[in-house]
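J.: Next come the chains, spelled out residue by residue.
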Amino acid sequence: MRLWDRFLHSFISPGLWVPFGSIVLGFLVGAIIMAFGGFNPFVAYAALMQKAFGSPYNIGEMLREMTPLLLTGLSVAFAFRAGLLNIGTAGQMVMGSLGAALVGVLVPLPPIVHAIVALFVGVLFGALWGSLVGYLKAYRGVNEVIAAIMLNWVALYFANYVIRTAILDPQQKQRSLYVASSARINADFLSALFQNARLSYGFLLALLMVYVFWFLLYRTRLGFELRAVGAGAEAAQYAGIRIGRQVIVTMFLSGAFSGLAGAIEVLGVYGYMTISTVHASYGFDGIAVALLGGATALGTLFSAFLFAVLSYGAAGMQFAADVPLEVSRVVMAAILFFVAASALVRSLYTVTLGRMRRGSLESEVNRS
Amino acid sequence: MLGDPCINRKTNFKKGVVHLMKRLSKGFVLTAVFSMLIFTLAACGGGGSTGSSTGETFKVGMVTDIGGINDNSFNQSAWEGLQKFNKETGAEVKYLESKSDADYIPNLNQFVQNGYQLIWGIGYMMGDAIKDVATNNPNAHFGIIDAEVDAPNVESVLFAENEGAFLVGVVAGKMTKTGKVGFVGGAEIPVIKRFEAGFVAGMKAVNPNAQVLINYTGSFNKPDEGKAAAASLYDQGADIVFHAAGQTGDGVFSEAKERRKQGQEVWVIGVDRDQRDLGPEVTLTSMLKRVDIAVDTISTQVKDGKFEAGVKVLTLADGGVDLPEDNPYIPDDVLKEVDQYKQKIKSGELKVPSE
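Protein sequences, first through last, are from chains A and B. Quick note: the first sequence uses numbering that gives the first Met the number 0, first residue 0, plus one each step. Quick note: the second sequence uses numbering that gives the first Met the number 0, first residue 0, plus one each step.
Check the hints yourself; a few may be wrong.
[Unchecked claim] Lysine-lysine pairs mimicking BS3-like chemistry, simulated, CA-CA at most 25 Å apart:
{"hint": "1", "chain 1": "A", "residue 1": "Lys172", "chain 2": "B", "residue 2": "Lys311"}
{"hint": "2", "chain 1": "B", "residue 1": "Lys98", "chain 2": "A", "residue 2": "Lys172"}
{"hint": "3", "chain 1": "B", "residue 1": "Lys173", "chain 2": "B", "residue 2": "Lys335"}
Honestly, the hints are just simulated from the structure, not real lab data. For clarity, every value in this text was computed on a predicted model and none was experimentally measured.
Please work from the sequences and hints to get the whole structure.
T.: Okay, structure coming up:
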């Protein structure tokens, strides 16, 4: 009986078995789908790995893909820790790109300073856009999910309008002018290391943000309050934390991560901002990254890495095994499905089975 | 006392990291081991067939823009051209779809690194990416449709869309009953502006009093927006709508079909390929832009060792733009007039404005 308990417990423990099992199951489901579609899953997964790790260039580009995923993942995770679902990362990213592009194109500044100011303005744009959601939630009672989804589109069309009127490239018509070279954050030594891949200081900044994320949460009063609100808003309020202000600050900082992601895309990857009619997928992928990473700093780092491998390697599956791009999205979706499903199983277990074995459950709680 | 907080903070940080690592390490080691196992298995299974081709076969790759390979428009047309090329010559052909702008460069590089002798970029939006990759790989050869790229190893293919659009403009001007015709454009880029200019000029040539209503949707991959744009044009009284909007144009067809079911006499003029399959009952005609012929011809030339860098403009006289062979809904006298204009344009007697 004890063994059985332990076996069941291994499914419901919030440890690493959940994401790990989900990843394995996700890959399995992906393989089955490919097999049904008439593709060889072994060839496809080999091609995926070949594409993601096959050459320094590919590794570099994969890490380039990872950069925005990591930042939007941190952005979502940060809000999540305070009990908020920031689904507006896409819009905050667009605003970040816009801020960086405006400074990069319009404001003449000396090198380095220019890049720093452009980055900073990008971060600020994203943060303000995020805090707008926080304000609506805190003082106007608007559900943050609804506000954020709608503001995503407002941000996109607003950015398109600004690009068109202020910084449009008259030759191209579909994108802004190039930002000044003084505002670029290309890291030549990194690019050289990875055979000209578009890897910039942005990648290093994103890695630094993993530490910043952890530091903010665990080493500042703000972070403590934020986690307290996340753990139980009413208790936190009773303890004297001002929830309204807290929500705005959380969304401000969460938006800052996304804004940085957007700024890096402009200053480090493209050098311009395009007029686009759809959001880049990074915003919504960030939710998946944060979820798989359990909203922890290192967890997000690793899940961003995994998603980058899948997302960038997908082109390899397409190339070598003729597997459509959509299948790699199916694998990602399957992984997420299993993460979400495990949470469901866990809650069912605690409610029903757990009630019957209250004693054993309490001992588990005590142990952890 | 003064130094203490600093030390504390450091040790705390260390403790935190150690704690986190401890919590995480066990699982991650396991994850890593298992994923390695899976991938090794995968690698074993996949060994032979991935990089098998020898240096002998001629390989042509193409990278689509975000419209994708089934856009009913020029990506699809380009791929049809490559498939024809493959049948004629036995050369290896392959395409890669881009899911965002960020994919253009890695996709092009994928072909370069796999030794493809000719790599096509399809669409205006890929100009910057082709320029970049071509500059970094001076030994590879590239072709691009609809954009001008100035590099010694790139052949840029443009079309005289204005000439083809002029002809469908003549058809529209002759056949409109309401005196109003519509134009749905994708983005306001030079290529699409050429369509618009030719269309307007053709219509004015035969029906100076007719009015053209213009609607740009801003995108090439949103049928819902195309449908909305067409709806507003039909509501304003247009009875014929010409679209140059890629996949967005699919929506123009669905709007026209719905209206036709309700008894309204509305028509669509298709673009790029003969789009009759999207709505046989509402398709008046299509303006063909033979991306397929261009891709096929130039791929064949390159295979025969005749690569020509620079800009190539395919006109009506070259067969680069045209109308379909049969047009069941167009009366003979209109077709005759179209033919007269065709001759005038081909001979150079008539110059069609391009913007």
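J.: Next step is simple, just say for each hint if it's right about the structure.
T.: Here's how the hints hold up against the structure:
1. A/Lys172 / B/Lys311: holds (22 Å)
2. B/Lys98 / A/Lys172: With a Cα-Cα distance of about 21 Å, the restraint between B/Lys98 and A/Lys172 holds, given a limit of 25 Å.
3. B/Lys173 / B/Lys335: holds (12 Å)
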